[in-house]
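Line order of the protein sequences matches chains A and B.
Residue 3 in the numbering used here sits at position 18 of the first sequence, and the numbers go up by one each step.
Offset between the second sequence (1-based) and the numbering used here: plus 41.
Simulated from the structure, these hints should not be mistaken for lab results.
These figures come from a predicted structure and were not determined experimentally.
All C-beta atoms in this analysis are idealised placements derived from N, C-alpha and C, irrespective of residue type, glycine included.
Mixed in with the good hints there might be a few duds.
Not the full set, but computed from the structure, chain B residues with beta-carbon under 8 Å of chain A [as the list claims (entries may be wrong)]:
no., residue
1, 124
2, 127
3, 157
4, 161
Okay, the calculated bits of chain A under chain B, using three or more residues with CB under 8 Å as the criterion [said to hold, decoys possible]:
no., segment
5, 15 to 23
6, 35 to 47
7, 101 to 110
8, 121 to 127
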Amino acid sequence: VDANQWLRTEFPNLSHEYHEIKSRIADEYNCIAWAAHDTVRWWQPSGDPDHYWPPGLPFDYTLENYTHAFETLGYEVCDSESFELGYEKVAIYIDIHGTPQHMARQLASGMWTSKLGRGWDVEHQSVHGVEGNRYGTVVRYMKRVI
Amino acid sequence: MCASHSIRHRGVEEWIEETPSWNVYEKQRSDADEDLDEEHSVIIEFKNSLNEYSIEDINHEFERKFNRLSDRWRQETMFMSNANDITSNFSYYQIIGMGPNVVPLILRQVQRGEGHWFLALRALTGENPVIAKDAGTLAKMAKSWLEWGKQRGLIEG
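Here chain A stands alone, though its shape is the one from the complex (with noise of 0.2 Å):
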């Protein structure tokens, strides 16, 4: 299966705007890691040995949980996903259940990075790109000063 197709049919909206496979496939890290800058991890409130979560948090999947874990690391809350020089953003999405499934980050470009899963790490030009059954829905925007 061509990998763009398999990308549009994953994530349709995809296929209405512009978006670029940017690595290999790779399983050393997650969404949630990238989203950290952390490509050695597997970021997962599981308690599992296999993966990693910040030390001092709980193991639970709740968007409050995945929100202190972006604090520990100098983000915090904020309204929007526009653009705003001198700071990086990072979104997470929730499936309907209010489970978050996914994290995305903004680049210096105003375009957005996702690892998708246990796959690429793809370009997408709006936070909106990889929304869909799969990740759910943004509900919330943290900033860090870089």
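Guided by the hints, dock chain B onto chain A, whose structure is given.
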């Protein structure tokens, strides 16, 4: 067992009457032989069919099954960001169900940099060679498992 083997006391006439004729005996023996021949032919057929498959063939089929299942697992879990969902996959369960002989094949995948095999390795071997400070870092966990496999001759160095 024929009736003539009975040990109870009885008259000769009774004995003759109850004893099957030679013809009947022959017929019974012949039927039994036919049954045996049939069993033998099934056994011989089975042995011949086994001879058609070498140990290498059986190993290849085992490996083909593993590759088929791991490909399907990879495809079905490609975009999942939750590792619990990745390892709660039917193909993954089937791979664990293949038993300890699948460990060398899994270690080869680990050697190629594939993740999410550590749960299966722990389940299949009952061991965990990863030291606590390396937990969560795929490259280090892989290194520990590969070292473990090499020490046991399960993969080449």
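Now for the hints, and whether the structure bears them out:
no.: 1; hint: 124; verdict: 6 Å, holds
no.: 2; hint: 127; verdict: 7 Å, holds
no.: 3; hint: 157; verdict: 6 Å, holds
no.: 4; hint: 161; verdict: 11 Å, violated
no.: 5; hint: 15 to 23; verdict: holds (count 3)
no.: 6; hint: 35 to 47; verdict: holds (count 4)
no.: 7; hint: 101 to 110; verdict: holds (count 4)
no.: 8; hint: 121 to 127; verdict: violated (count 0)
When each numbered hint is compared with the structure, violations occur for hints 4, 8.
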